[in-house]
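2 protein chains.
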Amino acid sequence: MEKVNIAEKFGTFSDPWHPRIVGELNGQHVKAVRVKGEFVWHHHDHEDELFLVVKGKLKMEFRDKTVEVNPGEFIIVPRGVEHKPVADDEAEVILFEPATTLNTGNVENERTKKVLDKI
Amino acid sequence: MEKVNIAEKFGTFSDPWHPRIVGELNGQHVKAVRVKGEFVWHHHDHEDELFLVVKGKLKMEFRDKTVEVNPGEFIIVPRGVEHKPVADDEAEVILFEPATTLNTGNVENERTKKVLDKI
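Residue numbers (full-length UniProt numbering), protein chains in the order written: chain A, 1 to 119; chain B, 1 to 119.
Honestly, I wouldn't trust all of these hints.
One copy or two, it doesn't matter: identical chains are merged, so the pair holds either way.
Said to hold, decoys possible - The list that follows gives simulated cross-link-like pairs (lysine to any residue, SDA-like), each with its CA atoms no further than 25 Å apart: (1) 36 / 2; (2) 3 / 88; (3) 36 / 119; (4) 3 / 43; (5) 55 / 5; (6) 57 / 2; (7) 114 / 68; (8) 84 / 4; (9) 57 / 70; (10) 57 / 113; (11) 36 / 73; (12) 84 / 5; (13) 84 / 13; (14) 118 / 29; (15) 84 / 2; (16) 3 / 81; (17) 55 / 70; (18) 65 / 24; (19) 9 / 45; (20) 3 / 109.
Honestly, the hints are just simulated from the structure, not real lab data.
Taking the hints into account, I'd like the entire structure generated from these sequences.
Structure follows, in structure tokens:
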């Protein structure tokens with residue numbers, strides 16, 4: 001039982017859109033990811049996703065609206081709902097989601113990360 | 001899809017050891033709880049628990065050591081492991097755990113909260 005310092009984990013990598021696993025419990029992963037620019041529209045068939053912002057501003061785009069998520073705030077995107085994470089400047093985000101979750105959901109392209117490092 | 005502001009949620013209650021549900025996903029709950037003084041020794045037979053500190057200092061006591069968890073840090077307590085959360089001064093903590101998790105785990109006493117409000 002070691003504690004995890006979130007800022008310390010973010011200090012170990014700098015590439016955006018490349019989530020790292022920083023915790024695991026009950027079949028869920030806690031991931032740290034840097035968000036910068038636009039991701040791809042996608043959804044997850046079987047997984048709800050939580051995005052907790054620790055630094056910067058995340059804009060979560062949905063087909064009908066955009067929600068701005070600031071440090072100390074989180075948003076839960078239910079399974080099946082199309083979304084596109086965007087950050088004009090870089091944002092640091094913690095994800096809580098099932099270990100089965102693929103970053104690009106139903107889409108597979110050059111941004112898909114199938115194997116994630118544990119840091 | 002509304003975002004949740006964690007500080008705002010903590011602003012709606014003041015009683016310690018009384019978790020509120022602030023999010024739900026994949027059969028898991030996100031809870032906000034104020035920790036002050038000593039809780040009871042307990043464990044959870046079937047649930048791992050994540051404690052993320054947002055304000056103050058949480059001391060997580062185990063039978064063989066104590067881990068101090070500060071804002072921006074979290075600790076995962078695996079199922080079966082006895083623990084006792086303590087905070088000399090009040091701390092604000094976010095929990096991430098299965099919806100089935102009872103706050104006092106294997107122990108049932110006056111501090112047990114069987115039904116939690118969603119706020």
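From the Cα coordinates, with 25 Å as the cut-off, is the pair residue 114 and residue 68 best called within, between, both, or neither?
neither (28 Å within a copy, 34 Å between copies)
Treating 25 Å as the Cα threshold, decide for residue 57 and residue 2: within, between, both or neither.
Between. Shortest inter-copy distance 15 Å satisfies the 25 Å Cα cut-off; intra-copy 29 Å does not.
Please sort residue 9 with residue 45 into within, between, both or neither, judging by C-alpha distance up to 25 Å.
neither (29 Å within a copy, 30 Å between copies)
Within, between, both or neither: residue 3, residue 81 at alpha-carbon 25 Å:
Answer is between: at 15 Å across copies they meet the 25 Å cutoff, but 33 Å inside does not.
Treating 25 Å as the Cα threshold, decide for residue 65 and residue 24: within, between, both or neither.
Result: close only across copies, 21 Å inter versus 32 Å intra.
Go through the copies and call it for residue 3 and residue 88: within, between, both or neither, with a Cα cutoff of 25 Å.
Classified as between: cross-chain Cα gap 19 Å, same-chain 31 Å, threshold 25 Å.
Is it within a copy, between copies, both, or neither that the alpha carbon of residue 36 lies no farther than 25 Å from that of residue 119?
within (21 Å within a copy, 32 Å between copies)
Treating 25 Å as the Cα threshold, decide for residue 3 and residue 43: within, between, both or neither.
between (32 Å within a copy, 18 Å between copies)
Identical-chain pair category, residue 118 with residue 29, by Cα at 25 Å:
Both: 10 Å inside a chain and 24 Å across chains, each within 25 Å.
Alpha-carbon proximity context of residue 84 and residue 13, limit 25 Å
Within. Shortest intra-copy distance 22 Å satisfies the 25 Å Cα cut-off; inter-copy 34 Å does not.
Up to 25 Å CA-CA - residue 5 versus residue 84, copy category
between (27 Å within a copy, 20 Å between copies)
Which holds for residue 57 with residue 70 at a C-alpha limit of 25 Å: within a copy, between copies, both or neither?
Answer is both: 5 Å inside a copy and 23 Å across each meet the 25 Å cutoff.
When each numbered hint is compared with the structure, violations occur for hints 7, 19, 20.
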